[in-house]
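2 protein chains.
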Amino acid sequence: MTNDGLMRCAANGAALTPVDFLGWTAATYPNITAIIHGDLRWTYAEMHAQVRQLAAQLTARGIKAGDTVAAILPNTPPMLLLHYAVPMLGAVLNALNTRLDAATIAFQLRHGEAKLLIVDSDFSVLAGAALAQLDTPPTVIDVLDPLAQAPGPRLSATAFDAWLAEGDASFSAPAIADEWAPMALNYTSGTTGDPKGVVYHHRGAYLNAINHAIVWSMPQHPVYLWTLPMFHCNGWCFPWTVTLHAGTHVCLRRVEAAAVYRAIADYGVTHLCGAPIVMTMLIHAKPEERRPLPHTVELMTAAAPPPAAVIQAMETQGFSITHVYGLTEVYGPVVACAWKKEWDALPVEERARLKARQGVRYQLQAGLMVADPETLEPVPADGKTLGEVFLRGNITMLGYLKNPAATEKAFAGGWFHTGDLAVLDPDGYIALKDRSKDIIISGGENISTIEVESVLYQHPAVLEAAVVARPDAKWGETPCAFIALKDGANATDAEIIAHCRAHLASFKVPKTIIFGALPKTSTGKVQKFLLRDQAKTL
Amino acid sequence: MTNDGLMRCAANGAALTPVDFLGWTAATYPNITAIIHGDLRWTYAEMHAQVRQLAAQLTARGIKAGDTVAAILPNTPPMLLLHYAVPMLGAVLNALNTRLDAATIAFQLRHGEAKLLIVDSDFSVLAGAALAQLDTPPTVIDVLDPLAQAPGPRLSATAFDAWLAEGDASFSAPAIADEWAPMALNYTSGTTGDPKGVVYHHRGAYLNAINHAIVWSMPQHPVYLWTLPMFHCNGWCFPWTVTLHAGTHVCLRRVEAAAVYRAIADYGVTHLCGAPIVMTMLIHAKPEERRPLPHTVELMTAAAPPPAAVIQAMETQGFSITHVYGLTEVYGPVVACAWKKEWDALPVEERARLKARQGVRYQLQAGLMVADPETLEPVPADGKTLGEVFLRGNITMLGYLKNPAATEKAFAGGWFHTGDLAVLDPDGYIALKDRSKDIIISGGENISTIEVESVLYQHPAVLEAAVVARPDAKWGETPCAFIALKDGANATDAEIIAHCRAHLASFKVPKTIIFGALPKTSTGKVQKFLLRDQAKTL
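Residue numbers (this note's numbering), protein chains in the order written: chain A, 2 to 539; chain B, 2 to 539.
Take every hint as true, because none was put in to throw you off.
Copies of the same chain are indistinguishable here, so a pair counts whether it falls within one copy or spans any two.
Below, simulated SDA-like cross-link-like pairs (lysine to any residue); rule was C-alpha separation at most 20 Å, straight line: (1) Lys341 with Arg352; (2) Lys341 with Gly384; (3) Lys410 with Cys10; (4) Lys356 with Ala28; (5) Lys403 with Met8; (6) Lys342 with His222; (7) Lys341 with Thr34.
Just so you know, the hints here were simulated from the structure itself, not pulled from any lab data.
This is chain A alone, in the form it adopts within the complex (with noise of 0.2 Å):
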């Protein structure tokens, strides 16, 4: 076909930024409540003048395209509205882990290059520790949220809410122009090294906001509960998905199992996400913690999956369980456990095993396959050929800040090397087996510790279980497990070997047992290399 009479111009083009989410929604729908943090009640209307106001703001401030923002905050409105005033102005959202050292939060600062960093009053000893780490540290602002519970000294003399409301509310930015542009650095949280800054566009933010509600079937005007913390891959873009859909933002400043269920009872949240342990808090709360839900509640949770008890128990409170996979370098989840109606009627164990499966990608991620690290040459989809998870498409990262040797390594061959070990089942659904570094070579068979921990988490007495190698003179490594046990239950080393000899090969049955609390990263993940160094000094 020719191109006579075609182009590219104004009318029919526009960068793709999640950003532009926020006027729809007010302009339509002004007057439903954006916002909900304690006795505050935002509509739209309002919300959308705020991040005007606070762009107005960051614009005084010197801030600009590709200027770094950083933050220190719990999921508070004042960080729903730098989701969308930062990247508005080309700029990049630096949203740090509240749960980090002062070290790292100053590493992070100073290779991100904050250029402003805003903080919460209950993380200001903390960012005060880290700012006196930096030799230029960045211009501060204090959040003095009301429902702080510790709140440190003030760092600077700008208070939020006040500079905010100085804002200009008729301001606007320049629409984005490129799409690709980046909007978003997220660190990892590396167990090895200094962490990795890696850096989102707005294209990828946009359909993975998309995508999630294509994921949930979500309908317009969700309640979303924010359990899930946004210094996690921006909250896996929800801040966007959610005012994409018209729904309201219910903020949570810590995650307890009471304040779940009242916010769920109060607000009808419809939907949540958090790691398992948001399900374990919600399943052993106390009886005066609880309150009915008011409908099924949707929660989607990724990161381990979740063991056919867990699924049961939170089946028969009303809570509907999506599971899915996904990392820091693709904006959150990009896989999913696609159900399907016909897996409604097995029995729970066999519901929890097909679930307890990452699935398949996300529909407007390109690709995913599980294939040989070396020549990336694809498994047999047999459930048992044991390859790297690896991801393509748009919902990947721009690369990692100042370390190209990192993103090329990453992205070595068209693909991003996920570092995660998978089968693929013969209907084309993955199941993690581990992180590479995760695996146990025992006499030089391969273990998978994900395995293991599911039996584990099959016998009634183990709350919580971890398993890792330990070193071996004659095998080289054998399994150890770390085992926290529920509230009054009781269990032996022999008792707990002889339920996994009932369960495994004898080569993958735990050498070691270990009993007590498992170190956990803020976003809930059992923090294995601890362990490993642990079982390393036994």
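Given the coordinates of chain A, work out where chain B should sit on it, guided by the hints.
Leaving out everything else, chain B in the frame of chain A:
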């Protein structure tokens, strides 16, 4: 932010194309019914295989990227297959309106440079007459659907089904490299001059397909009835929307009330689209043609605002009406009357008045405004000031093929000029008042024919009404109403005029009333140019 460490490569970018939706659904839900047509049932695995076979056969016939493949087909499986196989090759699908005359079809085949033409046997006489007018006719393939009603003579030695069956089901085409590349060609039914060839790209079709689902809160696994012709803006992009949501396409050769009710009851149809004529047909169906609806059925309608009586009658039957607005140049609908929960409680007349408005832009289209046609200055949101409707964004054509002057005119000032006139209500919703060319100017006053028509529709005897300008020596123009009465109903000129006087400013009251059936286009739009010609001769 520095670009150091950031890169674009195959790992983190892919062209947006709706062709990809099929691969996902076929892999994830291979056993779900993709297509129903008479007794035919194809799963997604089968549909995917057939699409690859078709792409292989098209390739064998020399079709390559940039080539045009034309089709004269009703809403049948071959039409659905073409919507994937042609763009998969980077080729351009030209779905021709089956109700056009041979000369117009010949023009479009010549102008679009079709290399191949797929013809249903019900239209082979028409196609043959068109082909006879061409110096270098395209290769023809005959679709011999056993459900054809009045099959004409064979045009070629190739029968589609047998030819398709010989194709290689393992065929794979290289991934689409350029999301801005042409993928479809749709001719406008221009009332004057030659039809204009509107060119769509992959990116626009992808985004519009997704946006329909957001507008409709479409869950996974819809059952979609093909009442809307796929030759109309590629069925508003629903060939891709339905597949993205792993839904079932229910084909329909002819839109008849009994067939529609039967399909809804038998297949559990959840969604359908159509011009108002479809609703009129369903409302006035005979008792023996009706079947009870198994659930609320979502119906998306465009082309004319649904009158209150129509909405009420449809809702009583169990249909939920979504009113949208668009044009061929913007891939079908890109404006929707986004509904608000608080409107549910209003009386039906008030709901109809609100719903009759065209509404707000689709979320994934960048811009909508009502503005002065010359200065592009937006009109005030006063619900009164008439302006032209302008659209902007990715869901806008690449231009008019081989007509750069028309393209540049359509895109002047960086907006697509729709030629439709509207007002902007205080709540930001647009309400169409007329096509520029339809407006009546009487004694210097503008008269919206839509306004007059909506009053006519309120008269109990009126089935359909269309108002056009009649030349007048004194006033310049006066309104002339063409009216089709309901079966068995009676009304006189004087009664109609008295009804109008009671509801309209006197200068807007039709001076002339003509009773009789209204001429319509293939898509159910009243052919006002014919009425205008008739009014000139009165």
